[in-house]
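2 protein chains.
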Amino acid sequence: MTICIYNNQRNGRCDDHIGASIFRYQVGEHPELPAKSVYDGQGRYLIPGYIDTHMHVESAMMIPENLSRAILPWGTTTICTDPHEIGNVMGVEGIRFMLDNAKKSALQQYVLAPSCVPAVPKLESTSASFGAKEVGEILDMDDVVGIAEIMDFVGVYQDGDRMHSIIDEGIKRGMYLQGHAPYVSGKELAAYRLGGPCSDHESATAEEVVEKLRCGIHVNLRASSLIDNLKTLVAGCRNHQWKDMVSICTDDVHAKDLLTVGHINKVVRKAVQAGISGCEAIKLATFNAAREYGFDDLGAVAPGYIADMQIVDTLDGCQPAAVFVEGRLVAENGAYTGPDHKEGDYDFPNTVNIPQIYSADDFRLKAPTSGDTVKIQVIVPRDGNRVLRDTQVMELPVKDGYVDISGHPDLVYVTVINRYGTGTQTTAIYKYFGLNRGALASTISHDSHNLTVAYRSPEDAYLAAETLRECAGDVCIVDNGEATTPPLPVAGLMSQMICADVAAQIEAVQKKLDSMTDGTVTLLATAIMALPVLPGIIITDRGLVDGLSQQFIEQFEG
Amino acid sequence: MTICIYNNQRNGRCDDHIGASIFRYQVGEHPELPAKSVYDGQGRYLIPGYIDTHMHVESAMMIPENLSRAILPWGTTTICTDPHEIGNVMGVEGIRFMLDNAKKSALQQYVLAPSCVPAVPKLESTSASFGAKEVGEILDMDDVVGIAEIMDFVGVYQDGDRMHSIIDEGIKRGMYLQGHAPYVSGKELAAYRLGGPCSDHESATAEEVVEKLRCGIHVNLRASSLIDNLKTLVAGCRNHQWKDMVSICTDDVHAKDLLTVGHINKVVRKAVQAGISGCEAIKLATFNAAREYGFDDLGAVAPGYIADMQIVDTLDGCQPAAVFVEGRLVAENGAYTGPDHKEGDYDFPNTVNIPQIYSADDFRLKAPTSGDTVKIQVIVPRDGNRVLRDTQVMELPVKDGYVDISGHPDLVYVTVINRYGTGTQTTAIYKYFGLNRGALASTISHDSHNLTVAYRSPEDAYLAAETLRECAGDVCIVDNGEATTPPLPVAGLMSQMICADVAAQIEAVQKKLDSMTDGTVTLLATAIMALPVLPGIIITDRGLVDGLSQQFIEQFEG
Numbered sequence: 010m011t012i013c014i015y016n017n018q019r020n021g022r023c024d025d026h027i028g029a030s031i032f033r034y035q036v037g038e039h040p041e042l043p044a045k046s047v048y049d050g051q052g053r054y055l056i057p058g059y060i061d062t063h064m065h066v067e068s069a070m071m072i073p074e075n076l077s078r079a080i081l082p083w084g085t086t087t088i089c090t091d092p093h094e095i096g097n098v099m100g101v102e103g104i105r106f107m108l109d110n111a112k113k114s115a116l117q118q119y120v121l122a123p124s125c126v127p128a129v130p131k132l133e134s135t136s137a138s139f140g141a142k143e144v145g146e147i148l149d150m151d152d153v154v155g156i157a158e159i160m161d162f163v164g165v166y167q168d169g170d171r172m173h174s175i176i177d178e179g180i181k182r183g184m185y186l187q188g189h190a191p192y193v194s195g196k197e198l199a200a201y202r203l204g205g206p207c208s209d210h211e212s213a214t215a216e217e218v219v220e221k222l223r224c225g226i227h228v229n230l231r232a233s234s235l236i237d238n239l240k241t242l243v244a245g246c247r248n249h250q251w252k253d254m255v256s257i258c259t260d261d262v263h264a265k266d267l268l269t270v271g272h273i274n275k276v277v278r279k280a281v282q283a284g285i286s287g288c289e290a291i292k293l294a295t296f297n298a299a300r301e302y303g304f305d306d307l308g309a310v311a312p313g314y315i316a317d318m319q320i321v322d323t324l325d326g327c328q329p330a331a332v333f334v335e336g337r338l339v340a341e342n343g344a345y346t347g348p349d350h351k352e353g354d355y356d357f358p359n360t361v362n363i364p365q366i367y368s369a370d371d372f373r374l375k376a377p378t379s380g381d382t383v384k385i386q387v388i389v390p391r392d393g394n395r396v397l398r399d400t401q402v403m404e405l406p407v408k409d410g411y412v413d414i415s416g417h418p419d420l421v422y423v424t425v426i427n428r429y430g431t432g433t434q435t436t437a438i439y440k441y442f443g444l445n446r447g448a449l450a451s452t453i454s455h456d457s458h459n460l461t462v463a464y465r466s467p468e469d470a471y472l473a474a475e476t477l478r479e480c481a482g483d484v485c486i487v488d489n490g491e492a493t494t495p496p497l498p499v500a501g502l503m504s505q506m507i508c509a510d511v512a513a514q515i516e517a518v519q520k521k522l523d524s525m526t527d528g529t530v531t532l533l534a535t536a537i538m539a540l541p542v543l544p545g546i547i548i549t550d551r552g553l554v555d556g557l558s559q560q561f562i563e564q565f566e567g
Numbered sequence: 010m011t012i013c014i015y016n017n018q019r020n021g022r023c024d025d026h027i028g029a030s031i032f033r034y035q036v037g038e039h040p041e042l043p044a045k046s047v048y049d050g051q052g053r054y055l056i057p058g059y060i061d062t063h064m065h066v067e068s069a070m071m072i073p074e075n076l077s078r079a080i081l082p083w084g085t086t087t088i089c090t091d092p093h094e095i096g097n098v099m100g101v102e103g104i105r106f107m108l109d110n111a112k113k114s115a116l117q118q119y120v121l122a123p124s125c126v127p128a129v130p131k132l133e134s135t136s137a138s139f140g141a142k143e144v145g146e147i148l149d150m151d152d153v154v155g156i157a158e159i160m161d162f163v164g165v166y167q168d169g170d171r172m173h174s175i176i177d178e179g180i181k182r183g184m185y186l187q188g189h190a191p192y193v194s195g196k197e198l199a200a201y202r203l204g205g206p207c208s209d210h211e212s213a214t215a216e217e218v219v220e221k222l223r224c225g226i227h228v229n230l231r232a233s234s235l236i237d238n239l240k241t242l243v244a245g246c247r248n249h250q251w252k253d254m255v256s257i258c259t260d261d262v263h264a265k266d267l268l269t270v271g272h273i274n275k276v277v278r279k280a281v282q283a284g285i286s287g288c289e290a291i292k293l294a295t296f297n298a299a300r301e302y303g304f305d306d307l308g309a310v311a312p313g314y315i316a317d318m319q320i321v322d323t324l325d326g327c328q329p330a331a332v333f334v335e336g337r338l339v340a341e342n343g344a345y346t347g348p349d350h351k352e353g354d355y356d357f358p359n360t361v362n363i364p365q366i367y368s369a370d371d372f373r374l375k376a377p378t379s380g381d382t383v384k385i386q387v388i389v390p391r392d393g394n395r396v397l398r399d400t401q402v403m404e405l406p407v408k409d410g411y412v413d414i415s416g417h418p419d420l421v422y423v424t425v426i427n428r429y430g431t432g433t434q435t436t437a438i439y440k441y442f443g444l445n446r447g448a449l450a451s452t453i454s455h456d457s458h459n460l461t462v463a464y465r466s467p468e469d470a471y472l473a474a475e476t477l478r479e480c481a482g483d484v485c486i487v488d489n490g491e492a493t494t495p496p497l498p499v500a501g502l503m504s505q506m507i508c509a510d511v512a513a514q515i516e517a518v519q520k521k522l523d524s525m526t527d528g529t530v531t532l533l534a535t536a537i538m539a540l541p542v543l544p545g546i547i548i549t550d551r552g553l554v555d556g557l558s559q560q561f562i563e564q565f566e567g
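Residue numbers (this note's numbering), protein chains in the order written: chain A, 10 to 567; chain B, 10 to 567.
Calculated from the structure, these hints are not laboratory results.
Bear in mind the structure is a predicted one, so any value in this text is a computation, not a measurement.
Please note: incorrect hints may appear among the correct ones.
Note that the list lumps identical chains together, so a pair holds whenever it fits in one copy or between two copies.
Computed cross-link-like contacts, DSBU-like style, restricted to lysine-lysine with a CA-CA straight-line distance of at most 30 Å [claimed, not checked]:
id, residue 1, residue 2
1, Lys196, Lys45
2, Lys181, Lys112
3, Lys45, Lys181
4, Lys181, Lys142
5, Lys240, Lys252
Let's have the full structure, built from the sequences with the hints guiding it.
Structural data, given as structure tokens:
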């Protein structure tokens, strides 16, 4: 097969609104139509570029232009992103940076306006707060195509004022409303759909997939670097005659996976392994995704469609031999072929504002009474799963007025400090975290990105906090009085380096961390400690919270 | 099955933008959710209301509010209409009337802006002329969702200024661009698609269906009162794994068919007979049609979707037992259950302006030379098909300076008179038209609606024209010096009566006409005589035209 790529010109006029397109003819078949460029496909398949229906750029710890370099070689040519991490840290200005920087990339990066900044206002102190005004302001920016994962499903199905007014901003502009409804079912799911959100990528079971499809909800099959239950999800839709409302997303992908495993093509591969035909899996990742968003010019190799496409050897999510964006070659055999990387020189404000932190004492847990011991609610992972947590009561010694864990090697302190200057913080005790010594700290802490630190010794925690204050936010480990960070100068969330360098630095720091732990603790283990939408126990800067009931709980007994 | 219909209220707030919706629960299952109304489906199927992706209201000779009464009992709840007939006659004001009148109906009537008024400007004299300005003005009206069948495919694929500027009005508003590309193929089809139009309903063969689908074009399977090649069209897509881009339309449906045969359900029935499964045929007529237009709230029975739906005994295009629009019952067992009909009292201007017509002499064909005979290009149906016509040369006698057909019972005169005051007209000779005596005249004459009359005697033609002048346009037969018309006071195109009355009146006049013909001549036989987009011989007020080459041809030889 030989592809001739023609510019989308109508008799010499180039119309920006469509971009390049293609006629599928053999070279020389129409001599009156000179090809703008000719690429020899050598008998392979030409398929559309993949579309990621939901992902967070920040999770890859790269800025948009470098994410583009890492993703394009895998055949993804369009991503629809939710910049809610940087939105929480920097507000609307953070969104603007992501949009501006994305313009430097060949990858088409559509942005959705974060809907839940902060995720649950009453349970934690945060910085940015997006109401209808801010969301509306973002929706009116170029390349913004909808409202991102509407996580406050209770706010939607109970029709709270905040979510109602935010969703209305999208509805009155006729824009896409992305959903997020884990475990939501029955009449609550119906009410959630009725409230506006049209999609979901959070199904945990095949039954959830079936119920959501029957409820008129687009199901985005997800396999991320954090969660991969794709086989289960595919079981929920594999035998459906029509999968019009099924597409694919990656949600969170780490740099290392982008370097070695792939992007949407990885999910396609897994879908094929789970029993969806190759053609159909590709359709989910291209045509169906485009239709979900109402992108009429994406998702097919045909006239009038943007010439985003890839040449592949097999129809199973393999790495493409060549990738084209708007008819221009951007990657070949896994290598990005666009312009070389030039490290940016963005100057970001330091948003780590923790004026109350002066010494290691700030990381001790004061006992509420004067006895020798205290009964305290200790956090424990549920079934060994660090994402969902319960509490159990332990009686711990009190030393100099502070709760002492030195005799319990399976315990750590966890402190969450508001990093936006409110001065609020909470210290709790966590059992079976897996950290043997030192401290693991991060200002990456979903979704508010308050400073979260797990530690055995308050001195190490203090050093970690000081380090993060100085470097304007990051991940930090402290061992033997030495702090190590992989540089993440962009809002403490992203590097300005390219994927390979980011992955190498993360790996080096992770290796150091492994020597301090039982081997199961990732660099981002503290990042999900404070997420109030998780249906278990969480720690925010304002206290311990039961995520399911959305209520604060008392830490001490008696 | 029992359906509980709840109003689309978010905790008591009613949002106009979604309308009524449904929760699918059993009565009493959720006592906290009182049903607004309960309808016992008695174990039958509940399916979405049908959507017609392309039709002309005028073809049914009813105004929109009465069309609604006729269509709803068949399960169609949304139609997307092209009011180009009234647009040609009355300009933008005609479109406005259709929109205003549609608002009185329960049927959702979306309107598309006519793209080709007139169809081919250079070949005939017309009244209204829609350029980019007029189309833009229409696109900005409420309930207008796109540009209607872009028939000037040559203008599109050659990128003529007129079509380019009209299409741009749609593109800049992100609106649907309906195509119309009969027999267009190869690189012309690719260029047509590239120029903007995204659909086609004019395929004649299975191969055309396949090529159009491969070219990224939505294929609207059509079965109208005029053309029905549905079996052939279905053969072109029946075995495709995905029919995402296939939907259904009726184009032109006559009152009699609406009374007895059905609407979209008829096409569904035929599609099932042609080998598409019932579920899939229904999907084409509902979900796929909604997706083609980007109607995210139509085409499914689910929360968040408008509660347009029907209860059916079988999944094969049967007449529904009940039809609901926005959750309200509108028809039961074939009977419209809405408010009674109250005949409108619209006062329309008389647009029949034929000042040059004074006597029967105006309908004689003057010979160009003074001989006893003349060689003349006579129009003949191609293979007995009155839609496509050729010419053949005949030598006919000349009497008193006029061509005389009295000795040839198989010939008629046909005269096309500009009805908008330009004074232009053309008379031709037509062989095998099938009219034995009298005259058949009409101001319904696609698409410019000039007065067209076929006749044996000029006296009868004159009486017909006088009758049409007086009644402001209509269809008229003259026999034995007596003129008969079914009243069509709305622009000479539509009655203000309900379907049963319109059908009865048409049938009565048709019966009279049958007594004057060989039995094969319909009341609208003259209506396709002057349509310049037909690829055969046509007659306009300015002369004989070869529709394929779009050139005038000489009528007389030598």
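| When no copy is specified for Lys181 and Lys112, does a C-alpha distance of 30 Å or less occur within a copy, between copies, both, or neither? | Intra 27 Å, inter 21 Å, cutoff 30 Å: intra and inter.
| query | When no copy is named, should Lys196 and Lys45 be tagged within, between, both, or neither for a Cα gap of at most 30 Å? | reply | between (55 Å within a copy, 16 Å between copies)
| said: Within a copy, between copies, both or neither: which one fits Lys240 and Lys252 at a CA-CA cutoff of 30 Å? | reply: Both, since 16 Å and 26 Å are each at most 30 Å.
| message | Regarding Lys45 and Lys181, is the shortest C-alpha distance of 30 Å or less found within a copy, between copies, in both, or in neither? | response | between (41 Å within a copy, 26 Å between copies)
| 30 Å Cα cut-off: does Lys181 pair with Lys142 within a copy, between copies, both or neither? | Classified as both: same-chain Cα gap 13 Å, cross-chain 26 Å, threshold 30 Å.
In this structure, every one of the numbered hints holds.
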